[in-house]
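Put together the whole structure using the sequences plus the hints.
2 protein chains.
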Amino acid sequence: MDIATPTSRVSTWLARFSDALERQDIEALTGLFVADCYWRDLVALTWNIKTVEGRDAIADMVRACLPAAHPRNWAIDGEATEAGGVTEAWLTFETDAVRGIGHVRLQGDLAWTLLTTAQELKGFEEPKGATRPKGVSHGVHKDRESWAEARAREQAELGYTTQPYVVIVGGGQGGIALGARLRRLGVPTIIVEKNDRPGDSWRKRYKSLCLHDPVWYDHLPYLPFPDHWPVFSPKDKIGDWLESYTKIMELNYWTRTTCKSATWDETTKDWTVVVDRDGEEVVLRPKQLVLATGMSGVPNIPEFPGMDRFRGDIWHSSKHPGGDGYKGKRAVIIGSNNSAHDIAADLWEHGADVTMVQRSSTHVSRSETLMDVALGALYSEEAVRNGITTDKADLIFASIPYAVLPAIQKGGADVMKERDRDFYAALEKAGFWHDWGADETGLFMKYLRRGSGYYIDVGASQLIIDGKIRLARGQVAEITETGAKLADGTDLPADLIVLATGYGSMNGWAAQLVSQKVADKVGKCWGLGSDTPKDPGPWEGELRNMWKPTRQEALWFHGGNLHQSRHYSQFLALQLKARMEGLPTPVYGLPEVHHKG
Amino acid sequence: MDIATPTSRVSTWLARFSDALERQDIEALTGLFVADCYWRDLVALTWNIKTVEGRDAIADMVRACLPAAHPRNWAIDGEATEAGGVTEAWLTFETDAVRGIGHVRLQGDLAWTLLTTAQELKGFEEPKGATRPKGVSHGVHKDRESWAEARAREQAELGYTTQPYVVIVGGGQGGIALGARLRRLGVPTIIVEKNDRPGDSWRKRYKSLCLHDPVWYDHLPYLPFPDHWPVFSPKDKIGDWLESYTKIMELNYWTRTTCKSATWDETTKDWTVVVDRDGEEVVLRPKQLVLATGMSGVPNIPEFPGMDRFRGDIWHSSKHPGGDGYKGKRAVIIGSNNSAHDIAADLWEHGADVTMVQRSSTHVSRSETLMDVALGALYSEEAVRNGITTDKADLIFASIPYAVLPAIQKGGADVMKERDRDFYAALEKAGFWHDWGADETGLFMKYLRRGSGYYIDVGASQLIIDGKIRLARGQVAEITETGAKLADGTDLPADLIVLATGYGSMNGWAAQLVSQKVADKVGKCWGLGSDTPKDPGPWEGELRNMWKPTRQEALWFHGGNLHQSRHYSQFLALQLKARMEGLPTPVYGLPEVHHKG
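Here the protein sequences come in this chain order: A and B.
Position 27 of the first sequence, counting from 1, maps to 27 under the numbering used here, and the rest follow consecutively.
Position 544 of the second sequence, counting from 1, maps to 544 under the numbering used here, and the rest follow consecutively.
Worth double-checking, as some hints may not be accurate.
Unchecked claim - Listed next, with one range per pair, are the computed distances between beta-carbon atoms: (1) A/7 to B/75: 29 to 37 Å; (2) A/382 to B/256: 42 to 50 Å; (3) B/405 to A/8: 49 to 57 Å; (4) A/25 to B/127: 52 to 60 Å; (5) B/414 to A/129: 27 to 35 Å; (6) B/127 to A/268: 52 to 60 Å.
To be verified - Straight-line alpha carbon distances no greater than 20 Å define the calculated SDA-like cross-link-like pairs of lysine to any residue that follow: (7) B/207 to B/316; (8) A/247 to B/196; (9) B/134 to A/224; (10) A/247 to B/226; (11) A/134 to B/382; (12) B/485 to B/304; (13) B/128 to A/230; (14) A/142 to B/462; (15) A/142 to B/351; (16) B/134 to A/371; (17) A/429 to A/419; (18) A/134 to B/373; (19) A/207 to B/141.
Rather than coming from a laboratory, the hints here were simulated on the basis of the structure.
On a predicted model such as this, the values are computed, not experimentally measured, just so you know.
Idealized CB from N, CA, C, for every residue including glycine.
Right, here's the structure in full:
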């Protein structure tokens, strides 16, 4: 009879674990894990974002990282809990360089999953709470510089007489979240943004766009939305929020600025980044370059025969201004993922006659269902009531190894199938070509593996069911003067053709800004190596190149949805800060590059 | 032997109290209070901000308010605590109109202080958390209005084709905090502000100004500062925060707008408010008018003989632009309160030769000491760690009747005297005329009683101690062509004279905007009737006219420091919302007017 409480069981395990680490007894250590085990490390031991899978891989990682990291002072934080044969607990620990938070799941008395995350660099903690700045230097000083003067001086000097340590190309949510983290860590940073104002990358999209993820999932670091914030932020409102946030966090944010080129100097170990700042060429020389130009990468513009002869409007979905002015006009949308649906619905709302061309099958999740089934436990009002703060939710999310995720997602997908059975039946009856992903795991796995192939339904599916948005299926053979012709000969007359044909990998930005050679060297971004469509193997265990060292020294990729921008900016910021302060940052497990893009 | 736990003691009391209320048994009810008792009500029973003192006054209030309010469902929230013979507990309750939070202190088995506060109007709750708006209307609609369009339409229409329910004159921290509350309650409101941008009332003050109250005391409603915010906000930083806040909360904030006049129509029951909006005259017709023009009121400009012949610069402290340009010049500051000290120090920093003229004695509290001794328990990092949220701190603060406050403040003042003994000795040795208030109660009582007579030292006192800011003492006899002459014949040559001579009562604004008659009818604002200097009796028990009904129907005064703006805006907003929704709001205990200003 097992009389151990969950906490005492974790305590016993942790004591053995800690002891094995201390003695560097790798055999004893791996003996504390079940055979099918995972250790995910976020910058605490590996100076990488890395999941090692199985005892041998754990042994290899520990052998490599233990001497430099010297992890110690392991303790349980709060009480452990047990459910369905799995005991889980929060941990705290430290290494020579960092203080960390961990999370462990035991099966019986052995570890199944272990998460270790760096939370702060010792000696370089973010000033906050009791260590926040005073704001005024007490006493009185001749020629004192006020806050406004100091800020104005910084803005005048940085990039001209002083150099930033980091340049972030792209001032969307990703660049802004990372910029805020770096600001709090005291890392001089310039964010380069082509638009006029922070938030314009949202504002400039079609009129009816709202975030597809609910508010609890969308907080930025440090400054949560007030509790009346709408569940789904309208695009202009989130744009305004990003603008205020940028000011409140005192980011050095260069608007109307485009990055022309970036060159790495292997000798001086710095970048030469040439930017056009509102017509003026400025040459920046940062030590680190972050591409935060959108996880979606460079737009995929297909080369259909005859595109140049089309007499109407034709553009990629990323350039589509919205449905204003298309009342009574015929619109053909090539593609059937999120953008295609949103643009189709918006055009229909504006009175256009809309046809969507499905070239391949698409998964649809209803927004409401997704919120309840997929996010409810971690990101919802209920989660808030249960004491699951955003930080905690992010860590719980991070504690699930990518290899374990499909089984969990499959369970959710099965619930959704059942719950929305009538919806899917109606959609298929309307001729919609629907799928649940390669292994029936639904939306989130498609997002992680390929970043495409799905629609979060906020209304367009009903228009399809009702025949208000018409469907066509097949490949585009050519574009004529007056429309699109499909491979089966179907003619689709059009005044507007929107190419909702997706985006390439983020390393396409490296090709544009740095060189094709560097883009090839770092390889494809995003995707897990799941060997499913658009995510070729081998298995990587993490998203390729995201938020972690790449094969190009001092070149980093940052992006993802608001949740990822928030959470992983923490680990990218710590990696950059550690380098600025000259801490040793030996990277364990930099992956091989298997795909160029 | 008393074996009751604090909670069971409060439970017993509360059961009796609730029962007496239910039976409308006034005698039984007053028998539950000690002789020297207080019941403070914030809009829950009295539709007023009202403290009743003693059993008879409680009996009168309860008799008047019970039938309409029908307070009930009293419960203890959390565990009661006991210290020094006083047992205290948080309560919840409701009336016909509101849900409330209460707080009680027992001496033995009887109540000493009781606080009852309205938290929300039943049926008119602020949408938040689980009731927050969706943001997107699910499904798809022809000609849908986007958030940006709806907002633009509101801004174009409100004040022109539709009328606001409330006009707030003054867009400083007070108007902004109230505006945010009203926005969440769905009360159409326009805030009228003379400056170019929200926050300018801070930005336009002298360069080195920082808030004298620490960050924990300064949060605005709904959106707390991030935890790296400096302890003492620099003026431009708080200005920028107010500007972002105004945008984030979607306030209808009219900049470059001055209120020319306001007239109440007794027949139609609305105001005619004439404003100049950036050169265009606009006539507004709100049902309610709030003056939030600064608790300080209209500047007191003294009439010294010869002021018009002075050849240098002379102006009131509120118009002083800062010390730039006064290097090597002689400055004379008339007055010795907060503004006088701040301006003197700023001028000294800029290299001016500065003399401060003390016309009467001043109290000085060192900022650091004040933070520890006076605010530490409620507004500090330690309080945050102890689980005292800002909301809780505000309620604890509010639970102490004004009549009880001097004894508590005296205790704090005694600690400060001892702790800063050397400082005060040095200050007096330098010739500074120092006092601790009429009854040795220190700074905060002076603030409540008269809003003047003190300096929160952030450095100027050391300059006085060191003789760097020179002191003169006495009345100003006249201003000459070249300086100021005191009654004792002292000549103070000057290139600049700053009249740090304070402000009148807020009803001076009513005189300017409405009429002298209305100003006289509502009478003096602020002050408790303590019968101490500048706060003549009789005793009022609350601040005069602040955040509550006045003798002029539909005219309200809002203001105070950031803490007061935050907390009392809640109760003013509920009063306005109740009137907009046509709820019965019988006001109990509207005070007589004893002083015109």
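Cross-check of the supplied hints:
| no. | hint | verdict |
| --- | --- | --- |
| 1 | A/7 to B/75: 29 to 37 Å | holds (33 Å) |
| 2 | A/382 to B/256: 42 to 50 Å | holds (46 Å) |
| 3 | B/405 to A/8: 49 to 57 Å | holds (51 Å) |
| 4 | A/25 to B/127: 52 to 60 Å | holds (58 Å) |
| 5 | B/414 to A/129: 27 to 35 Å | holds (30 Å) |
| 6 | B/127 to A/268: 52 to 60 Å | holds (56 Å) |
| 7 | B/207 to B/316 | holds (17 Å) |
| 8 | A/247 to B/196 | holds (18 Å) |
| 9 | B/134 to A/224 | holds (17 Å) |
| 10 | A/247 to B/226 | holds (13 Å) |
| 11 | A/134 to B/382 | holds (16 Å) |
| 12 | B/485 to B/304 | holds (10 Å) |
| 13 | B/128 to A/230 | holds (9 Å) |
| 14 | A/142 to B/462 | holds (14 Å) |
| 15 | A/142 to B/351 | holds (7 Å) |
| 16 | B/134 to A/371 | holds (12 Å) |
| 17 | A/429 to A/419 | holds (18 Å) |
| 18 | A/134 to B/373 | holds (18 Å) |
| 19 | A/207 to B/141 | holds (13 Å) |
Every hint, counting from the list given before, is met by this structure.
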